[in-house]
Structures are given as C-alpha cells and as structure tokens.
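Going line by line, the protein sequences match chains A and B.
Going by the working numbering, the letters in the first sequence line up with residues 32 to 355, in that order.
Going by the working numbering, the letters in the second sequence line up with residues 11 to 366, in that order.
It is worth saying that the hints were derived from the structure and are not from the lab.
Just so you know, even glycine gets a beta-carbon here, dropped at the ideal spot from N, CA and C.
There's no promise every hint is true.
Listed below are the simulated BS3-like cross-link pairs for lysine-lysine, each with C-alpha atoms no more than 27 Å apart in a straight line [as the list claims (entries may be wrong)]:
(1) Lys-205/A <-> Lys-285/B
(2) Lys-73/A <-> Lys-131/A
(3) Lys-205/A <-> Lys-34/A
(4) Lys-59/B <-> Lys-285/B
(5) Lys-285/B <-> Lys-73/A
(6) Lys-320/B <-> Lys-332/B
A few chain A residues facing chain B, derived, Cβ under 7 Å [stated by the list, open to error]:
(7) Ile-85
(8) Gly-153
(9) Arg-154
(10) Ser-155
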Amino acid sequence: MGKTTYRDALRQALSDSMTTDPNVVLIGEEVGRYGGAYGVTKSLIDEFGPERVIDTPISEPSIVGAAVGAAMSGLRPVAELMYVDFIGMTMDQLANQAAKIRYMFGGQIGVPMILRTQGGTGRSAGAQHSQSLEAYVMHTPGLRLAMPATVSDAYHLLRQSLAQPDPVVFIEHKALYATSGELDDQTPVAPWGKAHVPRQGDDLVIVTYSRQLHYAILAADKLAKDGIEATIIDLRTLNPLDIDTIRTHVERCGHAMVVSEGVMTAGVAAELAARISEECFDFLENPVIRIAGEDIPISVSPLLETNSVPTPELIADAARMMRS
Amino acid sequence: MVQKATTPRKKKPGRPPKAIATGRNDMPATEDLTAMYHDMLLIRRFEEKAGQLYGMGQIGGFCHLYIGQEAVVVGLQSASKPGDTVVTSYRDHGHMLACGMDADGVMAELTGREGGYSRGKGGSMHMFSREKKFFGGHGIVGAQVPIGCGLAFSHKYKDEANVCMTYLGDGAVNQGQVYESFNMAALWDLPCLFVIENNQYGMGTAVTRAAAGPALAERGSAYGIPGKQVDGMDVLAVREAGLEALAHCREGKGPYILEMKTYRYRGHSMSDPAKYRTREEVDAMRKQHDPIDQLRELLIKQNVKEEALKAIDGEVKAVVTKATEFAQNSPEPDPSELFTDILLPVSAGTAASTEA
Ligand SMILES: Cc1ncc(C[n+]2csc(CCOP(=O)(O)OP(=O)(O)O)c2C)c(N)n1
Ligand SMILES: [Mg+2]
Chain A
32 MGKTTYRDAL RQALSDSMTT DPNVVLIGEE VGRYGGAYGV TKSLIDEFGP
82 ERVIDTPISE PSIVGAAVGA AMSGLRPVAE LMYVDFIGMT MDQLANQAAK
132 IRYMFGGQIG VPMILRTQGG TGRSAGAQHS QSLEAYVMHT PGLRLAMPAT
182 VSDAYHLLRQ SLAQPDPVVF IEHKALYATS GELDDQTPVA PWGKAHVPRQ
232 GDDLVIVTYS RQLHYAILAA DKLAKDGIEA TIIDLRTLNP LDIDTIRTHV
282 ERCGHAMVVS EGVMTAGVAA ELAARISEEC FDFLENPVIR IAGEDIPISV
332 SPLLETNSVP TPELIADAAR MMRS
Chain B
11 MVQKATTPRK KKPGRPPKAI ATGRNDMPAT EDLTAMYHDM LLIRRFEEKA
61 GQLYGMGQIG GFCHLYIGQE AVVVGLQSAS KPGDTVVTSY RDHGHMLACG
111 MDADGVMAEL TGREGGYSRG KGGSMHMFSR EKKFFGGHGI VGAQVPIGCG
161 LAFSHKYKDE ANVCMTYLGD GAVNQGQVYE SFNMAALWDL PCLFVIENNQ
211 YGMGTAVTRA AAGPALAERG SAYGIPGKQV DGMDVLAVRE AGLEALAHCR
261 EGKGPYILEM KTYRYRGHSM SDPAKYRTRE EVDAMRKQHD PIDQLRELLI
311 KQNVKEEALK AIDGEVKAVV TKATEFAQNS PEPDPSELFT DILLPVSAGT
361 AASTEA
C-alpha cells in the first residue's frame, strides 16, 4: 500500500472492515461529522453514512454499555472513547458487563466489541488527558488488550481485533498519530497475540509496547555504538501476553528490561517483570529492570511532562548499567 | 408506554413558578454597569492574548477560550454574595477572572510556568483559588457537577447563607452523573445553582444533535427543580435571573437551573476544524448579539463618556500586558516539582484531620 501514517492506517482498517462486514458500526463522541478528535474517523461518515458512523452525546458509560448490548445481539460495534483517561467512567460496563458476560452466562454468549481509545503523554494535555491506563484493563480478566506501536500494526492489529470473539480494548498513543511508515496491508508482522521482534542482539532483551517501542529502538541504536546489542520485543497485545517469545529471548540473553509508559507501581511493567522473573529465573544473570512512568500525575509543563515517563536516554543508561 | 415529558412535571409545593418576570425594575447603578463592562472586557482581551500566545507556541496543550460568553459569568458574579462558591469545567479562564483571581497567575498557568496558580502542573483547564472560592477547573466533562453538589452541601451543613454556582455546558448535560446530582440536590434542598452555559455546541456537535427533549432549562423538571432560559448575551438579563435564582437557593428552597443561551466565537479548543458551523453564523452572532457591544451601547445611552470607556480599555490592556510579561518571564517549574503535591506526609492517624 505504500507509505502512510498511523492515523490513516487506523482509518483504513476501519474502512476495510466496514466494507467487508456490514455489522461493523462506529459509535462515539465526534466520530462522525467532526471526524474524530484526532482525525482517525475522518470522512468515514461520508463513506458509510450516519447509520453506521454514529455521533453520540457525551455519555461514556452508555456509549460503552450500548456497544455491549449491540455486540451481544450480532453487531460488531467499535466504540470510541476520546481519551483513555475517561475509562474510569465506563469501567462498570467494561469490567462488570463486557468482561463478565461470557463467564456469567456459562459460555453461551460473548461480547465481540472493540473499545478504541488513545492515551499517553506528549501533548501538554495535563493530568486528566495524558495517562497510560492499560493496567486497569490488563488487570481485568475477560478483556483483550491491544496496543499498536507501528503503522503496520495500526492497520493489522485493528483488523485482527475486529476478528476476535471477545471484547478488545484497543489503545492508541496520541503522540504516534502523525508518525509514518510503510504499510503492507496484506501481511501483518505477526498473528494476533504474537509479539514482534524488530531487532535481535545478544546482550539484553528490552520488552516493550506502544510508543516506548520507538524509544527502545532509539536507545538500542545508541547502545550499539557502545558495543551493546539489544533484542527488542514489541508485545503488540498485553492480553494475550506472548510469554513464549519473551522466554525464548530472555533465556538466550540472560538480561531483561521491561519498558512501559504507565506508572511503575502495580503496573504493566511490574507484571511483566514478575512473569519474566518466575519463568526465566534460571537464565537471568541480573534482576529484571523496570523502566516505567513515575508514580505521579502528568503535568502540563512540557519539562515536567517529559520527565514523568521513560525517555530513550533513560532506557540506554539503564541498559549500560545493567551490562557494566 | 412512558410518555415523553415535554413539560415539567408538577413541582413540589412552595416552589416559585419557572419564570418570574420581574422586568428591568432594578437597573444597576452606572458604576456597577461600568464594573461589569470592565470585567467582560478584561476576559475578552485576556482570551485574545491567550489565543495569540498559543499561536506563538508559548501555550501548549488545551486552551478553551471563553470569548462570546463573557456576560454569563460576569452577570452571575455581579449577582452573587461574598462566600458563594464556583465550580466549572475546563473553559474556565473567564470564571477565574470574574471571581477576582489574578490575571498574572492565570496567564502564567496557561504557559505552564512556576508563577501559575497551579505552579505549571495544571494548565489552562486546572486552576483553583481557596481565597476566591473558585473550586476548579475540571477536565472530565460533567465531573464538576457532583462536586458542586458537595460544595452546596457544605454551605448547608455549615449554615452559611451561601450558594454554589455549578457551571456545565450543553454537552455536559448528557452525562448521567448530572442527573444523579440533580436528584440529590433536590432531595436535600441544596443551595446549588446549576448554570447550563448553552453555547450551542459541544466540541463540534450542535446541541440539537446531542440533546433530546425540551429546553435544557427543563432538564431538572423530573426532580422538581425550577429552571429558566436566559439570554446569556445580555449581561443585565443574566444578572437579574441570577439574583432571583440565587435568592431562591439562599432561602433554602433547594437548587435552581439557569440555562444561559450563549455562543462561543472561537473554536472549541485551539485545534478545531470549524466545519460544523458557518462563518456567517459566527459573524451574525458577533455583530448582532455581542455582550460587550450591547453593554457599551447602554453605557453610552446612560451618558457615560467615551473617555471613561477608553480609560477602561486602557486599564484592561495594562492588566493583560502585565500578565503576559509575568507569564513569559516566570521560570519553568523546577524538576524537583515532579514529586510534590501528590500526597501529604502521612499523619499519625490519631485524630480526624480537617486539613485539605
Ligand atoms: C468525560 C469526557 N468526555 C469527553 C471529553 C472531551 N470533550 C471535552 S470538551 C467536550 C465538549 C463539551 O461541550 P460542552 O459541555 O457544551 O462545553 P463547552 O466546551 O461548549 O464549553 C468534549 C466532548 C471530556 N473532556 N470528558
Ligand atoms: Mg457547549
């Protein structure tokens, strides 16, 4: 397909899915005429009409709840939450309804819906519009969780998510929308649930996802100049978690670091570090290092904001320490 | 079958009728009018400057300008009493200035600097002043409404003759928590004035595309809350409606809803495709209904001299210039600020602490 942006790849995935499956509907605030707060759904309303691209009132719990009901009755709703920071408002519908319905009803029915949203720092959006709340989702059994880092995955992970039988929370990163890259719309880098390994080295493994993938790559480039060769794992999905790929590489390298923009305490990085420590204990030469967001809210001050989350320099410094 | 409610249900006995036409019998003194003119103009000029600074890259992130809506907050503040509290959403610069907060501190917060009200941590959407009874600055649409109920509850609990003015937008009225708050406020007769600033749009969604049912002023009818629609471009109409509604709340008769019909001239925030309305619509509003022009004309009719108005222009300009310089010269927050203001040190846990 050629060069495109993360934003356009997402739109292409929605458009292609809507073309092939008439049961796919988009529902959310400003997804129609406005084209989405970050422009992802731009012009889809012209392509598919207001019956399938549905502008809603500002009513997050009911947007998600309506998606649950629609999904239970044969539709494939893609609900949009403008910011992941609003997930708290919808948490009952997500955690007590969407996540529990298959189980509570003895496996008779599922909730094949997607909740698309975006999170992360990078736009001076302040404490209520910059968080990385994937741990809330990962902490809830019954929810799938996908977090695309690349243009290719913006397309393929979304299409793969639309093929899942269960609710998928799909978290984009606000700082990635304008990034561009090659998109081959026929070939995903990996199937659903499998991690991707964009770089292989023997000295340490960096396990990451979403925007931090790009920071890890920058750090690895620097480390290579110092003679440290890193393997980088882009998890792509946090549920399912591809522990096999992690294990393979950690056993090979003996040093592991996990990098996440979400806060450190009881976060995704904590979970990953615990899993690696348990499953690869005999192969580890150091304790697993967690690089994660500080346990603080995010400021609007760009200076404070940047220092709230991992940076390429921080990742590289930690890797050097680990290997020295 | 449930009948669609097109008219408010029966109100509890003892409540005043929805619209009390009092006429313009209590025209404020000229000096009060010029004070309102000053305050509206200050907000206008402050916001214009904020827009410019944004364009120059000195303000980042969100910046929701209040231009066009000045009469709402200025009219209501002029009707309020010392001790009354205010809580609102992210479109808050006008509210803060009208509450008497310092323009320097507001502007410096917009630029994310140490001299800002939140010391660069909150930004445009998140500021607070205990002294001026301004309780924020909230970015989650609708979340300020229950908080307003709590503030009103405090007024009542402490036997203060004060009211909490809880502002929300025409988009926010569709949040469920707003109705939980309406119910509680009515159930407990809380001194809460809900001010719906109906500027006709959420981000890009016209109110008619988002809100079912009759006028937003009637959204409290199921709970017996009186509501009234007001021309929010006319500062005197706002003031008069405010006086009446605040008196109702102050007398212990419970909450009241004022729907202010107003208009925002600028985009929702600073990146706005501006495709959801026409240029002509915006121009017509500006030309025919501008709240500042309207008051200016009235002042001239009341024989206030051009020079006096010019003097106000100059005064306002000086305040904005000073605020801008302050904001530009205020240092970036110190990196050590990253870890402050999250929690206080733990207390020994021996007595209930009232420190907030
Ligand atoms: C819970 C929540 N949902 C969505 C948003 C994004 N958003 C911010 S402002 C806004 C529109 C609000 O419109 P309205 O209540 O009319 O207030 P106005 O901006 O017109 O002052 C939206 C959708 C948000 N901040 N919080
Ligand atoms: Mg509005």
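Results of checking the hints against the structure:
no.: 1; hint: Lys-205/A <-> Lys-285/B; in the structure: holds, 22 Å
no.: 2; hint: Lys-73/A <-> Lys-131/A; in the structure: violated, 33 Å
no.: 3; hint: Lys-205/A <-> Lys-34/A; in the structure: holds, 20 Å
no.: 4; hint: Lys-59/B <-> Lys-285/B; in the structure: holds, 24 Å
no.: 5; hint: Lys-285/B <-> Lys-73/A; in the structure: holds, 12 Å
no.: 6; hint: Lys-320/B <-> Lys-332/B; in the structure: holds, 18 Å
no.: 7; hint: Ile-85; in the structure: violated, 11 Å
no.: 8; hint: Gly-153; in the structure: violated, 10 Å
no.: 9; hint: Arg-154; in the structure: holds, 6 Å
no.: 10; hint: Ser-155; in the structure: holds, 3 Å
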